[in-house]
Amino acid sequence: MAMMPKRVKYRKSQRGKMKGNATRQNYVAFGEYGLQSLEMSWVTARQIEAGRVAASHFLHKSGKVYIRIFPCKSITKKPLETRMGKGKAEVEQWVACVRPGTVMFEIGGIGGDVAKRAMARVAHKMPVKCRLITRRHTG
Amino acid sequence: MVSKAELILKAQTRQERGKKRSAKLRKDGKIPAIIYGHKQEPQAVALNEHDFTEIIHHGKRLLDVEIDGKAEKLLIKDVQYDYLGKRIIHTDLIRVDLSEKVKVQVPLVFKGAPAGAAEGGVLEEHLAQLEVECTVTEIPEAIDVSVKAMKIDESIYARDIVLPAGVKLVTGSEVLVIACHVPLVIEEPVAAEAVAVEGPVSPEVITERKPKEGEEEAGAAPEKEKK
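These protein sequence lines map, in sequence, to chains A and B. Sequential numbering from 1 applies to the first sequence in this note's numbering. Sequential numbering from 1 applies to the second sequence in this note's numbering.
Bear in mind the hints are in silico, worked out from the structure with no lab data behind them. Being a predicted model, the structure only gives us computed values, none of them experimental. Take the hints with a grain of salt, since some may be wrong.
Claimed, not checked - Computed from the model, here is a short list of chain A residues facing chain B with C-beta under 8 Å:
no., residue
1, R15
2, K78
3, G109
Said to hold, decoys possible - Simulated crosslink set (SDA-like; lysine to any residue; CA at most 25 Å straight-line):
no., chain 1, residue 1, chain 2, residue 2
4, A, K88, B, V175
5, B, K101, A, K88
6, A, K6, B, V201
7, A, K64, B, V175
Glycine residues also receive a C-beta, built at the ideal position from the N, C-alpha and C atoms.
Please construct the entire structure, taking both the sequences and the accompanying hints into account.
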């Protein structure tokens, strides 16, 4: 089942604007390898789910997949052949706002070669250009 | 190439502060840095980006820095990266004596495949770095942890890790480092079930007004009267 919030304060949200780069959530925190976005976009709950399925099918129960983004923004859409007006339409999908630098998926507990191939499959399901990054050990 | 053994990093004192000046420094291939510690005044300096990045890649922490002709021993305290994690944009360096004890984070390297992997076990890393206390010259580059003997439902805690001589553990001894367990299998819904589930599911709205008892009837009655 696609991800969506359990409780929200308001059912419908304004579209908003995305600006700048990711200032947080931009490093690998849980696993050993991460999939980082290089573009700005909305990533829908279905795309996240498609990425998760692609990774888990490839890994065959080995390793662990972490999903770092959550679709908490509702997007509405008017039905086809409907006249304008009559208020805001019903919620059609839920999306996560992704900015350049955001780490969307992480994988741990497997080797680098397998992680690279698994992440390539996940990247194909994403609406943004991505790159594979590894955990940084400094400090 | 920078040799790992003998490297003296050259730094220049910078008088100019602010993000525009720092951006100009970065454009010229330098990294803005700050030096502090030992109850002396903080000193703003500029480092060569290429040389400093090489040092970081070699895993070195203790630096010999020549600041305007005067040599100092400095320890890398913090490194800031850009939004993609590619370029270093700023660093903090702290003054140290060679006999001084310091607290640092050292990365853990897990070696080998666990025995439980044959039975479907998966390693779950809970801690990637260990905080240790040691003299500046004895800081290990990494601490190796062998996971070969781990069976399913076995764990390694911070107290179980063998540390090099002269290195003391600061992280709590009860902290879980790595565990081996069988992953939970989440059954994916069959196509027919999935369609049924995707229907009218919507989140609970916190601010939504809930109709009180008898409110609907009371609200409907005046409309009828208008007609």
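Against the structure, the hints:
1. R15: 19 Å, violated
2. K78: 18 Å, violated
3. G109: 5 Å, holds
4. K88/A <-> V175/B: 51 Å, violated
5. K101/B <-> K88/A: Judged against 25 Å, a Cα distance of about 63 Å means the pair is violated.
6. K6/A <-> V201/B: Holds, at roughly 10 Å.
7. K64/A <-> V175/B: 21 Å, holds
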